[in-house]
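*Asks:* So you can see what is in the structure, the chains are spelled out below.
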Amino acid sequence: MRGMKAVGLWQSSGDGVVSRVRRPAASDAGRTQSREALLHACARGDRTALHSLYKETAPQLFGLALRILRNRELAEEIVQDSFVLVWGNAHTFDPGRGAAMAWLARIVRNRCIDLIRRRGRETPLDHGTIESWEDPASSPADLAALSSDARRLHDCLDELEECPRKVLKLVYYEGMTYQEVAVHLGVPLGTVKSWVRRSLIRLRGCLER
Amino acid sequence: MNHVDPELRDQLAAEYALGALNGPDRHRFEQLLSGDRDLRNLVEDWELRLNLLAESAPAVEPPAHVWSEIARQIAPAPAPIPEGWLDRLWDSLGFWRAAAALAAATAAALVLYVVFLPPSVVPDQIVALDERLARIEDATRGLASRVEAVAARPTHVAVLLDKDQRPMMTADLDIADGRLVLRLNLTPPRDFSANMLEVWLVSPDGTRRSLGLFPSERPGTTTAFVLPHDTAEALAKAALAVSLEPRGGSRIGQPSGPVLFTGALMPVAL
Numbered sequence: 001m002r003g004m005k006a007v008g009l010w011q012s013s014g015d016g017v018v019s020r021v022r023r024p025a026a027s028d029a030g031r032t033q034s035r036e037a038l039l040h041a042c043a044r045g046d047r048t049a050l051h052s053l054y055k056e057t058a059p060q061l062f063g064l065a066l067r068i069l070r071n072r073e074l075a076e077e078i079v080q081d082s083f084v085l086v087w088g089n090a091h092t093f094d095p096g097r098g099a100a101m102a103w104l105a106r107i108v109r110n111r112c113i114d115l116i117r118r119r120g121r122e123t124p125l126d127h128g129t130i131e132s133w134e135d136p137a138s139s140p141a142d143l144a145a146l147s148s149d150a151r152r153l154h155d156c157l158d159e160l161e162e163c164p165r166k167v168l169k170l171v172y173y174e175g176m177t178y179q180e181v182a183v184h185l186g187v188p189l190g191t192v193k194s195w196v197r198r199s200l201i202r203l204r205g206c207l208e209r
Numbered sequence: 001m002n003h004v005d006p007e008l009r010d011q012l013a014a015e016y017a018l019g020a021l022n023g024p025d026r027h028r029f030e031q032l033l034s035g036d037r038d039l040r041n042l043v044e045d046w047e048l049r050l051n052l053l054a055e056s057a058p059a060v061e062p063p064a065h066v067w068s069e070i071a072r073q074i075a076p077a078p079a080p081i082p083e084g085w086l087d088r089l090w091d092s093l094g095f096w097r098a099a100a101a102l103a104a105a106t107a108a109a110l111v112l113y114v115v116f117l118p119p120s121v122v123p124d125q126i127v128a129l130d131e132r133l134a135r136i137e138d139a140t141r142g143l144a145s146r147v148e149a150v151a152a153r154p155t156h157v158a159v160l161l162d163k164d165q166r167p168m169m170t171a172d173l174d175i176a177d178g179r180l181v182l183r184l185n186l187t188p189p190r191d192f193s194a195n196m197l198e199v200w201l202v203s204p205d206g207t208r209r210s211l212g213l214f215p216s217e218r219p220g221t222t223t224a225f226v227l228p229h230d231t232a233e234a235l236a237k238a239a240l241a242v243s244l245e246p247r248g249g250s251r252i253g254q255p256s257g258p259v260l261f262t263g264a265l266m267p268v269a270l
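Each protein sequence line maps, in turn, to chains W and S. Counting in the working numbering, the first sequence runs from 1 upward without gaps. Counting in the working numbering, the second sequence runs from 1 upward without gaps.
Just to be clear, a hint being listed does not mean it is correct.
Claimed, not checked - Straight-line C-alpha distance at most 20 Å; calculated SDA-like pairs for lysine to any residue:
(1) K169/W <-> L21/S
(2) K193/W <-> G23/S
(3) K193/W <-> G205/W
(4) K163/S <-> L186/S
(5) K193/W <-> P24/S
(6) K55/W <-> A75/S
(7) K55/W <-> H65/S
(8) K55/W <-> R72/S
(9) K163/S <-> P255/S
(10) K237/S <-> L201/S
(11) K55/W <-> V66/S
(12) K193/W <-> Q11/S
(13) K55/W <-> A71/S
(14) K169/W <-> D45/S
(15) K193/W <-> R26/S
(16) K55/W <-> E69/S
(17) K169/W <-> N110/W
As the list claims (entries may be wrong) - Here are the in silico distance ranges between beta carbons for each label pair:
(18) G88/W <-> L8/S: 30 to 36 Å
(19) L33/S <-> L207/W: 19 to 25 Å
(20) S194/W <-> P24/S: 18 to 24 Å
Unchecked claim - Covered stretches of chain W (chain S as the covering partner; in silico rule of three or more C-beta atoms under 8 Å from a C-beta of chain S):
(21) 43–56
(22) 91–100
Hints listed in this document are in silico derivations from the structure and should not be mistaken for laboratory results. Each residue gets a CB set at the ideal place from its N, CA and C atoms; glycine is no exception.
Same shape as in the complex, but just chain S:
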């Protein structure tokens, strides 16, 4: 086919715009279109001419839910719920370090207090103080493990960028315990009414396997996956990708929707 012949180009553009091309003809023409702006313009002109025929289409009232769904989808995005100071505090390592230190200090003071108890203190009071001490120690233990969890040092990190190089998500991987902590920084401009984010391991050879679904599209959402040791090892030398999938995740074992952002894992010790 001579695709320089203006008459042929126009004829194919018209046939494509009409939707008459099928199979390999249609496929070949679409390949031509992708690299040929003038041809795309020809097609668009034909489409705009022919689609005036839609005015003569038999009108059928669509059911009401069609509009309500459109209205829902174009509704202004709700202002992101500001993360409360308490949430931030809860996530902050410094807070937990300080809280743990404070708790430990309180416990120590109480021990001293008990040890240097004046003789006038009655046994009942000692029992009560013992109980309080035990409770404080319990609380301190809880805090200590929490501090450890927050402070767990990742061995690998990744920043997942979208096509505009925005840092959409950050990932911390600890290959020792297989913990992968993901934090969504920005909400992708996608429709999440029936979709959600799915996280994929992309091996250097291009194979992809699902690591799981990300629970929310709200910015600031953090989630942790605990991976089997060999998966964590593989991930350390691979990349993460996040795709948009129908609720419940991709049904084909591969990303079925668009891949929104990706990033390779890097060891923290360069």
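This is chain W alone, in the form it adopts within the complex:
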């Protein structure tokens, strides 16, 4: 099953592979001010807090948007709009419901998904240029940089079988539909659907333990 190799990192047409940057250290203890605290400061009208939050989270959010959209301009636009939205809606952030990073990523990713579901990707998934794809957060260093919530989710993902886990990651990180995953992996559509559905249920079970 060649398809288990996932789609390559988005590439810019001119200058090769986009530059990877080091993820800012995001361990809960290592941060001077938590993202949650920064969001609360934004809600009080503190513009420097938004800038700190941007510096800390924008690279990953931009990386995610790029990966889903495969279009640099659109990804820039969505990250930009999302932070303006964050500024206007920071008061609605409820740390009791979820982590700040998830709240931020939800805004960015939902917009990306809306866009590609509404009008399709400008750059279609091109199975011919699939690159060796680095599994996000696979290295020990990456894992160490995760917040405790994200590490927990990662551990729960690890409990899934390999194929369902990879499918889930393709849908999340590449924004693929069931159909796209099925074509990409050469697996029947029904199999893809049941993998995802079962994985989601197992994930929640694991997270609630």
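Put chain S on the given structure of chain W with help from the hints.
*Replies:* Leaving out everything else, chain S in the frame of chain W:
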């Protein structure tokens, strides 16, 4: 599909949150969402769970202009430039009436002065006075037409309200000469860095046509459109709408952005 089944609801919420639903499935689910608060909460919980995966996304530094644009958009709105007393005076009908009356009186006094000129006045002085009189008369004529313009009586008026019933714009229409005068009272809380306001005629049957772009989002901005006679006639029985459009206006001949405020025209003589 049984949408009461809690397991199915949860499954669909999770799939939607993951972004896996597509096409008609996605569309149907979105329709369900719009009327179902509990379902929206389920989706949000799933979104907040799954989006922790973003922490593991490959980081790519966005270009510097992304932040500078965000910073620009969240910058405190510049205090509106207070309309100077001179501007207000310039727009005020009373001022022009008074100024015109004063000018006319001055001209009349000058005429009297010239008529009852003492014989000692030399011809050169008469020529100079004549010139001054002519200049004053010219100025008076200008003032008179200005007074007329400001005083033009609209046949129809409209107050355009936004969704919170704020009187965002007022409109005066004179169907006799097709002049539509619009005044923006309040600045809509929108991003005008790349957008502007476009004015639409909305017919009772719902068809919309553009009347033009509004030049500025500054409160107090007044602009006039001169409409063809039949457009003015149609507008008298229709409504105005103002939408937010990209610079240069909507490219599709219909509002492409949100409609921010609307109001129907009413005859001034009820």
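*Asks:* Give a verdict on every hint.
*Replies:* Hint check results:
1. K169/W <-> L21/S: Roughly 15 Å between the alpha carbons, so the hint for K169/W and L21/S holds.
2. K193/W <-> G23/S: 15 Å, holds
3. K193/W <-> G205/W: At roughly 19 Å apart (the allowed maximum being 20 Å), G205/W and K193/W satisfy the hint.
4. K163/S <-> L186/S: OK: K163/S and L186/S at ~13 Å, within 20 Å.
5. K193/W <-> P24/S: Holds: K193/W and P24/S sit about 16 Å apart, inside 20 Å.
6. K55/W <-> A75/S: 18 Å, holds
7. K55/W <-> H65/S: 13 Å, holds
8. K55/W <-> R72/S: 16 Å, holds
9. K163/S <-> P255/S: Status holds; Cα separation ~17 Å.
10. K237/S <-> L201/S: The hint holds at about 10 Å.
11. K55/W <-> V66/S: 11 Å, holds
12. K193/W <-> Q11/S: Holds, at about 11 Å.
13. K55/W <-> A71/S: This hinted pair holds, its Cα atoms lying about 13 Å apart.
14. K169/W <-> D45/S: Distance ~19 Å between K169/W and D45/S Cα, so the pair holds.
15. K193/W <-> R26/S: 14 Å, holds
16. K55/W <-> E69/S: This hinted pair holds, its Cα atoms lying about 14 Å apart.
17. K169/W <-> N110/W: 16 Å, holds
18. G88/W <-> L8/S: 30 to 36 Å: 35 Å, holds
19. L33/S <-> L207/W: 19 to 25 Å: Given about 23 Å between the Cβ atoms, the range holds.
20. S194/W <-> P24/S: 18 to 24 Å: 20 Å, holds
21. 43–56: holds (count 4)
22. 91–100: With 3 residues in contact (Cβ-Cβ under 8 Å with chain S), the coverage given for the stretch 91–100 of chain W holds.
Figure legend: structure checked against the earlier numbered hints; every hint is met.
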